[in-house]
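With the hints as constraints, model all of the structure from the sequences given.
Chain order of the listed sequences is A and B. According to our numbering, the first sequence is numbered sequentially starting from 143. According to our numbering, the second sequence is numbered sequentially starting from 143.
Hints in this document: simulated from the structure, not taken from any laboratory. As the structure is a prediction and not an experimental result, all values here were calculated from the model. It is possible that part of the hints are untrue.
Identical chains blur together in the list; that is why a pair holds if it fits in one copy or across any two.
In silico DSSO-like links for lysine-lysine, alpha-carbon gap of 27 Å or less [said to hold, decoys possible]: (1) K170 x K701; (2) K499 x K613; (3) K647 x K675; (4) K249 x K144; (5) K526 x K449; (6) K667 x K210; (7) K232 x K283.
There are 2 protein chains.
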Amino acid sequence: MKIALVQQNYHIGNFEHNTEKIIQGIGKAKEGGADLVVFSELSVCGYPPRDFLEFEDFLARCYESIDKIKAYASGIGVIVGSPVRNHAPKGKDLFNAAFFLQDQEVKAVVHKTCLPAYDIFDEYRYFESGTEWQVIEFRGKRIALTICEDIWNLGDNPMYNVCPMDQLMPQLPDLMINISASPFDYDHEEDRRAVVRQNVLKYKLPMYYCNAVGAQTEIIFDGGSVVYDAYANCTHHLKIFEEDFQIVDTEMKYRPVNKHLPVFTSASVLRPEQIIPYLTRRNNIREIHDALILGIRDYFGKMGFQKAILGSSGGIDSAVTLALACRALGSENVLAVALPSGYSSPHSVEDAVALSKKLNNPFDIIPIQPVYESLLTALEPAFKGLPFSVAEENLQSRTRGNLLMGLANKFGYILLNTSNKSELSTGYGTLYGDMAGGLSMLGDLYKTQVYALAHLINQDEEIIPPSILNKAPSAELRPDQKDSDSLPDYDLLDKILFLYIERRKGPREIIDMGVDEDLLLRVLKLVNTSEYKRNQFCPIIRVSGKAFGMGRRMPIVGKYLS
Amino acid sequence: MKIALVQQNYHIGNFEHNTEKIIQGIGKAKEGGADLVVFSELSVCGYPPRDFLEFEDFLARCYESIDKIKAYASGIGVIVGSPVRNHAPKGKDLFNAAFFLQDQEVKAVVHKTCLPAYDIFDEYRYFESGTEWQVIEFRGKRIALTICEDIWNLGDNPMYNVCPMDQLMPQLPDLMINISASPFDYDHEEDRRAVVRQNVLKYKLPMYYCNAVGAQTEIIFDGGSVVYDAYANCTHHLKIFEEDFQIVDTEMKYRPVNKHLPVFTSASVLRPEQIIPYLTRRNNIREIHDALILGIRDYFGKMGFQKAILGSSGGIDSAVTLALACRALGSENVLAVALPSGYSSPHSVEDAVALSKKLNNPFDIIPIQPVYESLLTALEPAFKGLPFSVAEENLQSRTRGNLLMGLANKFGYILLNTSNKSELSTGYGTLYGDMAGGLSMLGDLYKTQVYALAHLINQDEEIIPPSILNKAPSAELRPDQKDSDSLPDYDLLDKILFLYIERRKGPREIIDMGVDEDLLLRVLKLVNTSEYKRNQFCPIIRVSGKAFGMGRRMPIVGKYLS
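The structure is reproduced here in structure tokens:
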């Protein structure tokens with residue numbers, strides 16, 4: 143049997159767009175002589191549809207899509223993902239389902255059993271778990287069809303009580319198909335391929351694994367669909383971070399392909415001194431780079447925007463943001479604006495100019511001093527001659543925010559945010575100032591990773607000037623300010639943050655790794671008392687296993703380690 | 143047997159505070175001669191602890207608290223709520239549990255079965271469902287102990303497959319105890335008391351129901367703990383929106399108490415013309431008023447702040463916000479600032495002054511024109527003489543945001559946001575401008591409800607001047623601007639929004655209720671394309687069944703009804 147894997151980039155709720163793509167995929171599969179064509183999880187509506195699923199109308203449109211697609215299921219079997227109503231009197235109203243279409247009819251509907259409800263996932267919010275398991279018989283083959291998380295329930299301490307493949311095995315399937323919407327992060331505890339391979343080793347069946355690709359706001363689906371033979375050799379793999387298509391003959395003998403995709407290392411066993419090297423290692427940073435490019439491109443494309451604006455300070459964060467945005471959107475579509483104040487170092491504007499010359503993107507300079515002074519004048523009676531404080535620092539930062547948003551509103555740009563994860567973690571940023579923006583590109587990268595990414599960007603050609611790479615980080619909001627006045631060295635800070643945020647280590651464990659107790663408690667307090675700031679932050683392209691945003695839900699009024 | 147119900151206000155993660163409260167409650171129960179003392183759900187750590195639950199350290203502190211509390215469980219039985227580890231090899235790592243303590247020991251641990259995962263609730267993110275049910279025998283009584291949602295699984299189409307009371311009934315319990323953290327909203331489909339009563343009618347057992355009270359960021363727990371006898375009479379009820387304590391003798395005959403608490407009407411069957419009267423009816427508005435006062439007070443108290451600032455425009459939203467803040471925090475702690483521009487109507491500042499005179503709160507006036515002009519000057523080369531647009535409107539609004547935040551940062555105020563739900567729904571607000579702030583008080587009230595609330599505030603004494611109540615709503619960001627230039631009348635708009643947001647009606651259903659199709663699609667598009675704005679908004683005190691924030695999770699790049 144010939145099976146086509148179709149790895150596509152859907153748009154949530156855009157039924158016309160998604161249906162058309164799927165119908166095109168079926169056409170291509172038919173042309174290639176495929177018997178069966180496989181699409182990814184919830185392909186008709188896009189993943190994750192979130193609370194759109196609470197609308198009857200939304201479900202009705204999913205059904206309409208299935209009806210349209212069904213008409214093309216002649217001479218070929220089709221597997222697509224869609225929500226489906228749960229008709230039982232008890233339980234949630236929907237299942238997350240895979241539809242098997244054949245002869246222009248719905249021949250089978252498989253319900254997802256293992257419903258992820260951690261990090262960014264909320265499936266149990268909408269779906270009931272499947273409780274019946276039935277292989278699909280098609281052209282002489284018995285297919286064990288599962289959905290994404292269904293094949294991840296492995297190990298000594300599995301998260302779910304039921305393992306669908308265990309339920310299907312007594313029916314003697316010939317092969318496994320899994321349709322997924324499995325997101326990228328550089329810090330996967332287990333390589334997705336390792337999971338596929340473990341299933342193959344356990345059940346001794348070949349696996350056809352079809353993943354989604356594309357960014358949905360902050361979540362990056364990286365594709366990388368694969369086929370494994372029954373001997374656990376990877377025989378086919380589709381591209382990562384791109385749409386792709388392959389037809390695989392179940393009866394042909396293939397030679398195993400090289401695993402040229404990196405294997406993710408489980409970092410849960412890292413020793414403290416291994417953390418920064420792990421965070422900044424070239425393979426991780428290269429994948430992060432590609433994920434960010436896809437994330438930016440899809441955010442703009444799916445929001446219907448072409449052009450971006452950002453504040454270019456001459457610092458490393460805005461330099462990397464600008465370089466990535468130019469790659470993703472085209473240099474001509476990215477306006478960089480230097481907004482120097484009286485506290486800006488003389489080199490700041492020069493460095494920003496040099497960078498934009500290199501990138502060949504439009505560039506402007508708007509000094510903020512007159513606006514800042516008009517604010518100080520307006521506030522003078524109220525401020526009563528009190529000494530310079532964080533209030534004046536923030537006035538400058540928010541003046542930049544106001545000017546950039548003014549330009550964005552005038553000309554239809556999206557403002558790109560340039561904050562990094564070290565800053566966001568510790569609250570070292572100004573709400574409505576440097577924390578403004580529609581999309582954060584570096585908000586899931588620690589400062590040490592931003593440097594590593596800068597070096598990667600420079601690997602073939604010096605794009606980011608050395609003066610930007612080598613200067614000491616500074617917010618430049620008061621005379622001679624340096625980040626190191628307020629924060630520990632980034633190597634130490636990032637290590638602590640990684641242990642606390644990604645690894646959920648408590649204070650005792652981190653102290654036992656050799657971190658000074660006072661310093662640690664100070665950092666944790668900064669993290670936990672700045673929840674209110676992050677709560678108002680824009681979407682962050684997610685590249686780690688624990689990004690701020692939907693995947694990390696903390697009480698704002700909580701008082702814990704703070 | 144004498145049972146003490148202790149209705150307390152906990153602080154998430156503040157173990158010392160919570161433990162001390164619980165120990166005090168035990169002491170008071172002992173003094174009153176109680177045999178058993180009952181606290182609310184997850185009382186040791188506060189509800190909802192959210193992702194703090196992912197920290198081993200957090201669980202360890204819960205256990206430490208239980209250990210401390212245990213020492214006071216002598217001569218009395220104690221029921222407290224805490225997470226507990228799931229030792230089974232499969233499933234999630236935790237249960238949401240009720241600990242039964244006696245003779246200074248943990249005698250029983252009951253696991254919650256029905257785990258809410260809708261709206262603001264995420265319990266399945268952390269907890270495994272209970273699968274064993276055992277009554278607790280204590281001083282000759284067999285107690286059926288359940289946790290919150292466990293008793294809500296009623297009706298023809300229950301959300302969960304298992305109903306814990308059905309499992310417990312064969313063990314012939316004598317009474318039911320339920321410990322809850324059940325939040326307030328004016329739009330409950332079912333009155334909490336009706337649910338308690340239904341359980342009593344079904345199982346023919348008395349019910350002792352202990353709820354939490356207090357605000358946790360946006361969620362308001364309203365208390366209102368109750369006792370029902372086996373004949374479904376309410377014999378005791380504790381206060382709403384306040385801490386309270388009562389001891390009830392299981393053997394005494396009580397006369398039913400009057401149901402002076404309002405019964406919520408299920409609004410799902412409202413006819414279109416009933417919606418605005420329902421939204422604005424006095425009982426709803428009175429409860430909303432009390433919920434908002436509690437919400438403000440607890441937000442400030444738990445964040446460790448005393449003082450608030452807000453922009454006082456002379457409009458209805460800021461007037462109501464100011465009046466409520468003065469009630470909640472004390473007038474002396476609320477600074478109102480008028481920030482007139484060239485487009486402000488002459489009456490705006492006068493009305494704001496009159497209001498603050500009435501409320502006797504500190505007041506300041508800072509004209510924004512000089513700052514606005516300095517921004518225009520700075521942007522003049524870039525704006526290239528293009529006509530006045532929304533960009534200039536937003537510059538004014540963001541200037542106000544910057545000035546208010548400057549004062550907040552200088553003096554340690556929290557900026558109160560004044561946006562209402564009609565604006566937030568349609569994106570009729572400026573990010574970092576009038577959408578700035580640390581807490582939104584009116585963000586879950588439609589404009590028609592804000593008016594009703596203003597009339598309630600004025601019921602005994604005219605606090606909000608008639609000129610504020612009677613003027614046409616305007617953002618005053620361009621000459622002669624009125625809300626009605628951009629939006630339909632609020633009576634119509636709010637009806638549509640209620641149907642779409644609270645009732646999840648699709649376009650076809652709303653059109654069938656008599657709403658013009660073009661208008662409807664325009665409104666839905668406004669709602670769905672302003673998700674990116676709401677995503678950056680501050681916490682909104684939740685008073686409805688569907689508030690923006692954690693309880694409504696929509697894709698930002700989605701393309702559905704937009």
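- Evaluate K232 and K283 at a C-alpha cut-off of 27 Å and name the case that applies: within, between, both or neither. Answer is neither; intra-copy 34 Å and inter-copy 32 Å both fail.
- Task: Up to 27 Å between alpha-carbons, please classify K667 paired with K210: within, between, both or neither.
- Result: Between copies, since 25 Å is at most 27 Å while 55 Å is not.
- Item | Intra/inter-copy verdict for K170 and K701 if alpha-carbon distance must be at most 27 Å | Only across copies: K170 and K701 sit 26 Å apart there, 57 Å inside one copy, limit 27 Å.
- Message: Within a copy, between copies, both or neither: which one fits K249 and K144 at a CA-CA cutoff of 27 Å?
- Response: within (19 Å within a copy, 61 Å between copies)
- Status of K675 relative to K647 across identical chains (alpha carbons, at most 27 Å): within (23 Å within a copy, 33 Å between copies)
- Task: Please work out whether the CA atoms of K526 and K449 approach to 27 Å or closer within one copy, between two copies, in both situations, or in neither?
- Result: between (43 Å within a copy, 18 Å between copies)
- Query: Taking 27 Å as the upper bound on the Cα-Cα distance, should K499 and K613 be classified as within, between, both, or neither?
  - Reply: within (19 Å within a copy, 54 Å between copies)
This entry does not satisfy hint 7, going by the numbered hints stated previously; all others are met.
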